[in-house]
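Single-letter residue listing:
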Amino acid sequence: MIERSIAPAFKQVEHIELIKAEQYSLDNGVNLFVINAGTQDLVRVELLFNNVNWNLSRPLQAYSVNSMLVEGTSKYTALEIAERVDYYGAFLQTDFNFDNSAVTLYTLTKHLRSTLAVVKDVVTDSVFPEEELETFKRNQKQKLSVNLEKNDYISRRVFNQALFGNTIYGYSAGFEDYDKLQRDDLVSYFNLAYRPNNCTIVVSGKVDDGTISIINEFFGRDWDKGVDLNANLFSFTVKDGTEHYVERPEALQSAIRIGKISVTRNHPDFPALQVLNTVLGGYFGSRLMANIREDKGYTYGIGSALISLQNAGYFFIASEVGAQVCSSAVAEIEKEINLLRTELIQPDELALVKNYMLGSFLGGLENAFSHADKFKNIYFSGLDYDYYTRYIQTVKSVTAEQLMELANFYLDFNSCEKVIVGKK
Amino acid sequence: MVLYNRSVLSNGLKVLVHEDFTTPMAVVNVLYDVGARDEDPEKTGFAHLFEHLMFGGSINIPSYDEPLQRVGGENNAFTSNDITNYYITLPAANLETAFWLESDRMLSLAFSEKSLEVQRNVVCEEFKQRYLNQPYGDVWLKLRPLAYKTHPYQWATIGKELSHIENATIEDVKAFFAKHYNPANAILVVGGAVKTAEVLEMAEKWFGSIPTGEKYLRSLPAEAEQTEERREIIKADVPLNAIYKTFHMPARLDSGYYEADLLSDILSRGNSSRLYVSLVKEQKLFSELNAYVTGSHDPGLFVIEGKLTEGVEPELAEAAIWTELELIKNELVPQEELTKVKNKIESTMVFAEMSLLDKAMNLAFFELLGNASELNTETQKYAVLTAEDIRRRANKIFRRENSSTLLYLAN
Chain Z
863 MIERSIAPAF
873 KQVEHIELIK
883 AEQYSLDNGV
893 NLFVINAGTQ
903 DLVRVELLFN
913 NVNWNLSRPL
923 QAYSVNSMLV
933 EGTSKYTALE
943 IAERVDYYGA
953 FLQTDFNFDN
963 SAVTLYTLTK
973 HLRSTLAVVK
983 DVVTDSVFPE
993 EELETFKRNQ
1003 KQKLSVNLEK
1013 NDYISRRVFN
1023 QALFGNTIYG
1033 YSAGFEDYDK
1043 LQRDDLVSYF
1053 NLAYRPNNCT
1063 IVVSGKVDDG
1073 TISIINEFFG
1083 RDWDKGVDLN
1093 ANLFSFTVKD
1103 GTEHYVERPE
1113 ALQSAIRIGK
1123 ISVTRNHPDF
1133 PALQVLNTVL
1143 GGYFGSRLMA
1153 NIREDKGYTY
1163 GIGSALISLQ
1173 NAGYFFIASE
1183 VGAQVCSSAV
1193 AEIEKEINLL
1203 RTELIQPDEL
1213 ALVKNYMLGS
1223 FLGGLENAFS
1233 HADKFKNIYF
1243 SGLDYDYYTR
1253 YIQTVKSVTA
1263 EQLMELANFY
1273 LDFNSCEKVI
1283 VGKK
Chain D
4 MVLYNRSVLS
14 NGLKVLVHED
24 FTTPMAVVNV
34 LYDVGARDED
44 PEKTGFAHLF
54 EHLMFGGSIN
64 IPSYDEPLQR
74 VGGENNAFTS
84 NDITNYYITL
94 PAANLETAFW
104 LESDRMLSLA
114 FSEKSLEVQR
124 NVVCEEFKQR
134 YLNQPYGDVW
144 LKLRPLAYKT
154 HPYQWATIGK
164 ELSHIENATI
174 EDVKAFFAKH
184 YNPANAILVV
194 GGAVKTAEVL
204 EMAEKWFGSI
214 PTGEKYLRSL
224 PAEAEQTEER
234 REIIKADVPL
244 NAIYKTFHMP
254 ARLDSGYYEA
264 DLLSDILSRG
274 NSSRLYVSLV
284 KEQKLFSELN
294 AYVTGSHDPG
304 LFVIEGKLTE
314 GVEPELAEAA
324 IWTELELIKN
334 ELVPQEELTK
344 VKNKIESTMV
354 FAEMSLLDKA
364 MNLAFFELLG
374 NASELNTETQ
384 KYAVLTAEDI
394 RRRANKIFRR
404 ENSSTLLYLA
414 N
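Residue numbers (the numbering used here), protein chains in the order written: chain Z, 863 to 1286; chain D, 4 to 414.
Which residues of chain Z face chain D? A partial, calculated answer using Cβ under 8 Å:
1. 867
2. 950
3. 1115
4. 1161
5. 1182
6. 1184
Think of the hints as simulated: they come from the structure by calculation, not from any bench. Computed from a predicted model, the values in this text were never measured in an experiment. Just so it is clear, CB atoms sit at the ideal spot from N, CA and C, and this is done for glycine as well.
Construct all of the structure, not just a fragment, from the sequences and the given hints.
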């Protein structure tokens, strides 16, 4: 008979090997980073452009340019662009976040040349046709009107605005911002930002010399360097912790978002703070989940996260809870934060979280694409691979005393912005 | 190509092993052959509620999640109308922990009243979060009973109504476990940095002694052929009018499934697809419009859904959808367009091989359908289809008397 009540022996993750990006310089000086791994004959090519020249009077400029890159060039219509990509079974995406605008191609290697030609076209020759812009504005406004019916979406807008004000991180775009979008503004932003001097290329998958030389052919030549740009530079201060209540009388659930400005990845406390965040709300067995979902049944899910942007880090807790238990849920959140500040995390729980984080880190290195994502995290924070060595070391060695100290310094419920959308 | 070894334990548990030493991780996927279609019509949402209870402790192990997290593992699960699937990702060196946990909850649950009470609440909050507190969130609660009159696909996995979940008792939980959760109704797939011999040894050690249980024999009422067009109108506090249209289509194992799937790609996959180009971009009748298939084991649905541009009459928008459907019924799809959607199928299959978890889930899914090796011949099943096959299938599916239409209108 086997003994089913005793857990099998296990090992903590010891060996973590990252596939490091190799750096190349294209003929025109564009930085190319290559993650070569995997057995499938495919690649992902990412062209990343920094968001620049933030201008409050044109808040949707960078986003709209990115979204509309595939809507027409001087040689091809939106349909022709889509057909050329789809025909080869490839996927062409535009991705926009607070710091970067990206164009990403996924393709089988055998179709790289045919599909890269399309990418070259859209990043160097987009024309933003007037008619497409009108369609874009209309569809975006329709999407916004649906999103504004979602409590969770509103809570994110109010929270970002509270933390980051009228910067690209915080501005809540409205219908009127779409209405005033002008083609000329898009063209001028495109001409400014989509240039070699603002571009980083990351290629991952099964990458050989042939692939690299094809990329150089397309993006290392015949592409005007561009003029000097103004990086988006913002600084933020922790506010005094206001409550923002948006009442929605018909709500069955209330969206809660609570948090504050924190540190970025290049701050020495960041890795240890990740451990603290994991304990609080960073995994399924976290304290917030154990208490508010698994003990009280107030919600389907609750979590917390520490996010590092180029100009700021921030910490937040988010959930959607039954409208009638909203106040109780907020009280429990406060209680859990305060517990971290007043009581040491017990050795058993801390050991579990450490093992979980190491396993999760290892599991996050599944394929060439995930190794490339790890690289982007450090590269855009101005860090090198030593960061991960330090991260792993910190996860293994951080003590309960250090975490309590961090909790007292960084996690003060009173200074958190508290957003509630629904009923309380 | 996803290679694997297959074995069946004496209690009927099927074990598939996929070795992949490009990763230090392992995946353990357990598929139970039970879904929302197997529920009592008066106790719907139960398969999914039960999935939650599988994490509430088993006979010998009080907590499921904690010991797994302690060895660096993560897990989750999902329930569909057809299956319930549980999966673990963990460092391969700690594989045995997954066997210990999964085998104990297949052996027996703890059947804790507290767990049932809490998970009833959690699932009710999930019901609200996904279906009731979202614009258009309840559409499938309306659409399924419109499209299906006898088959249990007429309810969603979350259940028909909150009360079915609120009324679940521990006796229901025990009966459901006894009926569906045993080796004879399960498929175990282990993938990653694992050796087949070692996996089979562990499988025998941890699962081998679990009683076979009774093989659940499914006998569900078949959906009679629809003979009349169905329509329903809902008015709600939503910002935009929307149209949802379903057509009955072949079951997953029927060759007609592949034809229908390609039809949905031609109509709606990517920015060069017909519905997007014609109705969103050119005629500007919709701000978004999609076509897809449910891919269910029993005969499924071909779905077309879209949000109308403000000011466009629903009749006009609907007529425009029909014009596109008539076109594909009457004219052969050009060769280049057919090649395009087939190429997309091919590349999607190759990209899916990048994910260990996807590979393990796919093996389990195809094993349940009858033969895991069919995973590796999927691309060919699409490749052989001709423009004539597509046209014939379009004529079978896109008939008014085979359609159910839901107009979801803004107040």
